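Starting from the known structure of chain G, fit chain A with the ligands onto it as the hints suggest.
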Amino acid sequence: MATEVTPEPTDEVLTRLQERFPGAVEAAPEPYEGLIVARDHLVDVATFLRDEMGYAYLSDVVGVDYPEEVNGLPPRFEVVYHLFRPVGGPLTLHVHADRENPVVPSLVPVFPSANFQEREAWDLVGIRFEGHPDLRRILLWDGFDGHPLRKDWHEVYYEEEKKPFGSRWPEGHPVMAESRTPLGRNLRYPPGWSPEDWRPTTDPWGYRPHDEVAEQKNPAMPVDRVVLNMGPHHPSTHGVLRLLATLEGERIQKLEPMLGFLHRCHEKIGERNTWLGNIPYTDRLDYVCSMTNNWPYVLAVEKLMGVEVPERAEYIRVIMGEFTRFLNHAVSVGFMCNDLGIYFTVMLYALEEREFILDLFEMTAGSRMMCNYMRFGGVAHDMTEEAVALARELAFERLPRFIDKVDAYLTENEIFRARTVGVGVLPPEQAVAYGCTGPLLRGSGVPYDIRRADPYSIYDEFDFEIITAPDGDVYSRYLVRLGEMRESLRILQQALNRLPDGPVMAGKKKATVKVPPGESYGRIEAPKGELGFYIVSDGSPNPYRYHIRAPSFVNLGVMGELCRGHLIADVVIILASIDITLGEVDR
Amino acid sequence: MYASLHLVKSLGITFRRFVETYVDDLRWFFKGGFGARYRPDTLPIRQSPTKSRGIFTVQYPAERLPLPERFRGFPFLIEEEGKLRCTACGTCARVCPPQCIWIVRASDPETGKPLREPAEFYIDISICMQCGFCAEFCPFDAIKMGHEIEIAAFDREKDLLLDLERLRKPLSYHAQIHPTEYAAEQEKKQARAAARARK
Ligand code: SF4
Ligand code: SF4
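Top line first, the protein sequences correspond to chains G and A.
Numbering-wise (the numbering used here), the first sequence opens with residue 425 and increments by one.
Numbering-wise (the numbering used here), the second sequence opens with residue 26 and increments by one.
Some clues are possibly wrong.
In silico DSBU-like cross-links for lysine-lysine, where the CA-CA straight-line distance does not exceed 35 angstroms [as the list claims (entries may be wrong)]:
1. A:56 - G:933
2. G:934 - A:34
3. A:138 - G:938
4. G:586 - A:183
5. G:586 - G:575
6. A:224 - G:932
7. A:138 - A:213
8. A:34 - G:933
9. G:586 - G:932
10. A:56 - G:934
11. A:34 - G:586
12. G:933 - A:194
13. A:214 - A:138
14. G:932 - A:34
15. A:183 - G:932
16. G:938 - G:575
17. A:224 - G:934
18. A:213 - G:938
19. G:934 - A:76
20. A:56 - G:829
21. G:938 - A:214
22. A:224 - G:586
23. A:56 - G:586
24. G:933 - G:575
25. A:76 - A:34
26. A:213 - G:933
27. A:56 - G:678
28. A:183 - G:692
29. G:829 - A:34
30. A:214 - G:933
31. G:932 - A:108
32. G:829 - A:76
33. G:934 - A:194
34. G:678 - G:932
35. G:932 - A:213
36. A:214 - G:932
37. G:692 - G:727
38. G:933 - A:224
Since the hints were made in silico from the structure, they are not lab data.
If you're wondering where the values come from, they're calculated on a predicted model, not measured in any experiment.
This is chain G alone, in the form it adopts within the complex (with noise of 0.2 angstroms):
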């Protein structure tokens, strides 16, 4: 039920740790948020933020390069942090770290969900970890050039800073971006590095920590050990990722998902694009809920600009959302059993009321999966009455039927159930503390969910449950997904009979937004999990940082620990019950 919700003051925790640690710790300067922690206090003060003032999840750890002065602090790198507790907005740190030899202390001890995202930040902008257990890459190959974030850093195509680019208008001449590199080849190696010469020094494929793998062999049954990679071309990991794992016999030892495969460096085009021009961007990270990727970039930079969005544009916000979210959760649960091997009928049941969905997008946004549709302060266009129609008819009619198929279809169904109760089990502390979120955290039983914990749009107007279910396994984490889309439906109907009438945006659209200087995070309640945008605003027309926090990437984080001890045929279904889309991951 709708928790009371008391943003904690960040002036009280900074004269808490102020208390604590003298010195360590001052409050960012304007128009930054939270405060600025010293490097040599971080680890203390994160775990003191932990264990003392219910900070307990991290969510989000961003780099950040500052070559210049940029909102009147120094050039420095910069690494961001923004913590939750069970109710409430974030608090975020800011370190700051040497222009020369970027170092911060690592907080994986602290914090297991800072070690994916702290090695995207090496990866990425190149901030040092120190004692991080393993520093590698993560996104990249091992013999890339650079880091790819920092500002200095050009792509091989490149252009120019900043769109707009001047050569398209009034002189413009049709350029293939091929034809700016001798063989087309959107490649560049290392300055005196030729791939024929190349004896990996380091350990490029990953392959050394399984060497390592403690031998845990079983008089009894004396079984083989085996290093398998699974995938990248793999059916069942829904996309292009590789899973190294080390067996014993049919047993996981250890399990490592590689990932970056389908990465485009997303947040650098992000950083060339305008304000404007992401959000067509943002439908192609998660593209099955391309609704709810536009939600928060919105929502943040909304924040910066300081509009009010009008009651029909959030309802209709709303709207999407939750048809999002039923979509999602439906071809979830169909994908799973597709890995289960129950093959198509489920999946096929879930994609026929998908399609109605899709129409539903494309009839008001004008696409089907790349809808595009949310604008700064409302959204592109009204929904039509026919549209209106089709909502009501699928939320009051069609898709109960669905739900309750399903329902009847598995939820008894013994061979389903022998294959899910008691696999891959997550314990709630461990998925707290690796960040996990979504239905992978609520099938937890950890009652967290944006949606009440952090109230955005107008979701406090609506009666609906937090549905948790308290084993962990990946049966748990279905009937979470299954509850969640019954409570999608009441959502629904409760907006559909309350859609006022009204405008869809906040004054005129206008293809040139102000966003005044300053950072600002915005977060919803994805399907996934927590999608959260961090941004920073020169003041310029676009953006100086833009991060995402994808769900499926830190939700995968947790990967590893769920297979441990189980037979390589539980993968699949573990991965499944994730839910994972790699267009989120890789970015």
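Relative to the frame of chain G, chain A with the ligands by itself:
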């Protein structure tokens, strides 16, 4: 025996669906003869959220679902009475997120002053992400999203880099695929003309 009860139930659900398809086929047969279920006029019923039963497939490309008016295909330029509406203002080239619009503004051959029309206009639809921003932000309603989707081609530069000739589409095409929008445009135009006449 209990242990397999739910299995039977699950199988029942699949089986019912299987039967439904054939029952529906038969029903359509009695109503409209052989293949009635697969005629274009019955497609909306087969695909309706409340009336559809059993099989749901659309036999593409023999059958096609109608595209809604707002559907975003690839952009085209509207030609009205032999003249493009476009004034080469450059707004679309600026908002285009992947920067796939190139415009050369025409200039007066004698004075060299820029004219309000494009001399060349290119859209690389192999890069276009169909976001629709160009149509959304064009101040002159000159560029709109068409409804073509089948654009497979062999040569990227030759076939997918559209120039002014291939981008130009008559107003009637716009009126046909965007009826509501077109009607609203006409209404606005008439209102403006009426206001001018009153003055
Ligand atoms: S199509 Fe529209 S926005 Fe683009 S240049 Fe022409 S008038 Fe301007
Ligand atoms: S639809 Fe979008 S990507 Fe395509 S030309 Fe228009 S603005 Fe550019």
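Checklist entry - Taken at face value, is the distance from the CA of residue 76 (chain A) to the CA of residue 829 (chain G) at most 35 angstroms? => result holds (17 angstroms)
Checklist entry - Within a Cα-Cα threshold of 35 angstroms, do residue 214 (chain A) and residue 932 (chain G) meet the stated pairing? => result holds (20 angstroms)
Next on the checklist: Hinted pair, alpha-carbon criterion (35 angstroms max): residue 938 (chain G), residue 214 (chain A). Please report holds or violated.
Outcome noted: holds (31 angstroms)
Item to check | Hint consistency between residue 183 (chain A) and residue 692 (chain G) [alpha-carbon to alpha-carbon, up to 35 angstroms] | outcome: It holds: about 30 angstroms lies between the C-alpha atoms, which stays within 35 angstroms.
Checklist entry - When you check the alpha-carbon spacing of residue 933 (chain G) and residue 575 (chain G), does it fall within 35 angstroms? => result With Cα atoms ~30 angstroms apart, residue 933 (chain G) and residue 575 (chain G) stay inside 35 angstroms; holds.
Checklist entry - Keeping to a limit of 35 angstroms between CA atoms, is the pair of residue 586 (chain G) and residue 575 (chain G) held or broken? => result Since the Cα atoms of residue 586 (chain G) and residue 575 (chain G) sit roughly 11 angstroms apart, the hinted pair holds (cutoff 35 angstroms).
Checklist entry - Does residue 34 (chain A) pair with residue 586 (chain G) here, judged by a C-alpha cut-off of 35 angstroms? => result Given pair residue 34 (chain A), residue 586 (chain G) is violated - Cα atoms ~60 angstroms apart, limit 35 angstroms.
Item to check | Hint consistency between residue 183 (chain A) and residue 932 (chain G) [alpha-carbon to alpha-carbon, up to 35 angstroms] | outcome: violated (39 angstroms)
Checklist entry - Holds or violated: are the alpha carbons of residue 213 (chain A) and residue 938 (chain G) at most 35 angstroms from each other? => result Cα-Cα ~30 angstroms, so holds.
Checklist entry - Quick one, are residue 213 (chain A) and residue 933 (chain G) close enough, alpha carbons at most 35 angstroms? => result holds (18 angstroms)
Checklist entry - Taking 35 angstroms as the top limit, are the C-alpha atoms of residue 76 (chain A) and residue 34 (chain A) close enough? => result This hinted pair holds, its Cα atoms lying about 24 angstroms apart.
Checklist entry - Do the alpha carbons of residue 678 (chain G) and residue 932 (chain G) lie within 35 angstroms of each other, as the hint requires? => result violated (55 angstroms)
Of the numbered hints listed earlier, those contradicted by the structure are 1, 2, 8, 10, 11, 14, 15, 19, 22, 23, 27 and 34.
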